[in-house]
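Engineer: Spelled out, the chains give:
2 protein chains.
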Amino acid sequence: MKIAVIGTGNMGAGLARLLAGTGSDVVIGHRDPAKAASFAAELGSNVEAGGIAAAVKLADIVILAVPYGAVAETLKAAGNLKGKVLVDITNPVTSDFRGLVVGHSTSAAEEIQVLAPEATVVKAFNTIFSQLLPVEGRRGKVLQVFVAGDDEKAKDAVSRLAKSAGFEAVDAGPLTNARFLEPIGEMNIHFGFFLGKGPTVAPDWVQV
Amino acid sequence: MKIAVIGTGNMGAGLARLLAGTGSDVVIGHRDPAKAASFAAELGSNVEAGGIAAAVKLADIVILAVPYGAVAETLKAAGNLKGKVLVDITNPVTSDFRGLVVGHSTSAAEEIQVLAPEATVVKAFNTIFSQLLPVEGRRGKVLQVFVAGDDEKAKDAVSRLAKSAGFEAVDAGPLTNARFLEPIGEMNIHFGFFLGKGPTVAPDWVQV
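Chains A and B, in that order, give the protein sequences. Following the UniProt record's numbering, the numbering of the first sequence begins with 1 at its first residue and continues without gaps. Following the UniProt record's numbering, the numbering of the second sequence begins with 1 at its first residue and continues without gaps.
A couple of the hints might just be wrong.
Stated by the list, open to error - Here are a few chain A residues that sit away from chain B, every Cβ distance over 10 Å (derived from the structure):
hint, residue
1, Asp60
2, Phe97
3, Asp150
4, Pro183
As the list claims (entries may be wrong) - Some chain A residues well away from chain B (every beta-carbon gap over 12 Å; in silico):
hint, residue
5, Gly79
6, Thr127
7, Arg138
8, Ala157
What the hints assert, rightly or not - If you want the footprint, here are the derived chain B segments under chain A, 3+ residues with CB under 8 Å:
hint, segment
9, 185 to 192
10, 199 to 207
Calculated directly from the structure, the hints in this document are not laboratory data. Fair warning: this is a prediction, and the values are worked out from it, not measured in the lab. Glycine included, each C-beta is placed from N, C-alpha and C at the ideal position.
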């Protein structure tokens with residue numbers, strides 16, 4: 001399994017570093033291949049790099065780690081996504097970060113599935129702040145990653161990925177449940193940034 | 001502080017029993033006052049009962065514990081809500097319980113505030129299954145109750161109520177954040193009923 005991480009922002013860089021560090025085979029994709037190469041070199045000689053389409057071509061799982069507003073353009077640059085598991089980690093936030101631009105009758109994940117019909121979209125990691133991606137940032141806590149999608153094999157692959165990186169993977173049902181997971185991500189942003197808890201909180205479903 | 005609980009379904013009965021048992025002054029309201037009286041008698045001689053408007057009139061805090069579809073009719077029967085804190089505990093679920101009938105650009109809580117402009121609406125308790133209302137049902141776990149609203153005094157009153165019943169009250173921001181809390185309640189329903197965890201799960205924000 002090779003994982004392409006498209007994007008080198010906080011989430012993309014954090015996921016690439018985490019996955020490379022926990023034994024996954026990683027390729028960094030960026031519209032600027034030189035930027036991807038320079039970041040890959042930082043992560044170690046076993047991490048590959050390329051333009052977006054080149055990275056996608058090499059990978060089985062493609063993590064779309066760009067802001068929601070850049071998704072359409074990124075997917076246009078991605079080339080053939082047939083047979084790829086496309087992991088949507090976005091929260092489709094408004095410009096002030098206090099609300100969502102889509103919801104209720106659709107979700108970012110479903111919109112992405114429409115834009116990339118040949119890929120198998122899985123929603124995951126949207127409730128994990130980038131600060132909590134490094135293993136040491138989690139200080140021994142096993143955080144939950146909620147995994148939603150319509151294809152069980154694709155969900156299993158993403159769940160294994162999350163587990164290999166030290167998270168608990170929680171089956172969150174079909175892709176339409178992104179309609180609930182994205183508001184959970186947004187509530188997490190409120191707790192972290194607007195309600196004083198700081199970006200080291202995460203939602204967790206407890207079993208009594 | 002007197003608390004009116006309107007409705008004697010699972011949530012209404014559970015909250016009335018819990019609050020009466022943890023020292024709150026409770027009045028049960030039901031469109032059938034005889035039903036309210038019979039349930040109040042079951043809870044103890046210190047619990048009052050009446051029709052909906054009668055219960056509301058006696059109370060400082062009114063917990064609206066009816067299904068979302070019955071809210072409009074219930075508020076019509078409630079009489080004067082001026083000065084009352086109106087606690088919305090609903091999840092505005094679809095008939096198959098798998099989705100929400102309102103969301104994204106509004107929420108049940110905001111719709112209730114529109115229907116009852118003279119009341120001060122606070123969203124709370126919508127992520128707690130009725131099975132987890134009894135103190136013994138929580139088996140020593142301190143569950144979080146998310147409290148959203150635009151009036152700090154009203155939120156404080158509801159937070160104190162939640163704390164008196166053994167919960168941790170968590171400030172969830174303005175009433176518009178019900179747009180996120182209601183999908184969290186719906187995800188909780190999915191975990192509890194459709195994803196095999198059973199109705200003894202609850203969302204919890206952990207601090208790493």
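Engineer: Output the indices of the hints that this structure fails to meet, ascending.
Structural biologist: 4, 6, 7
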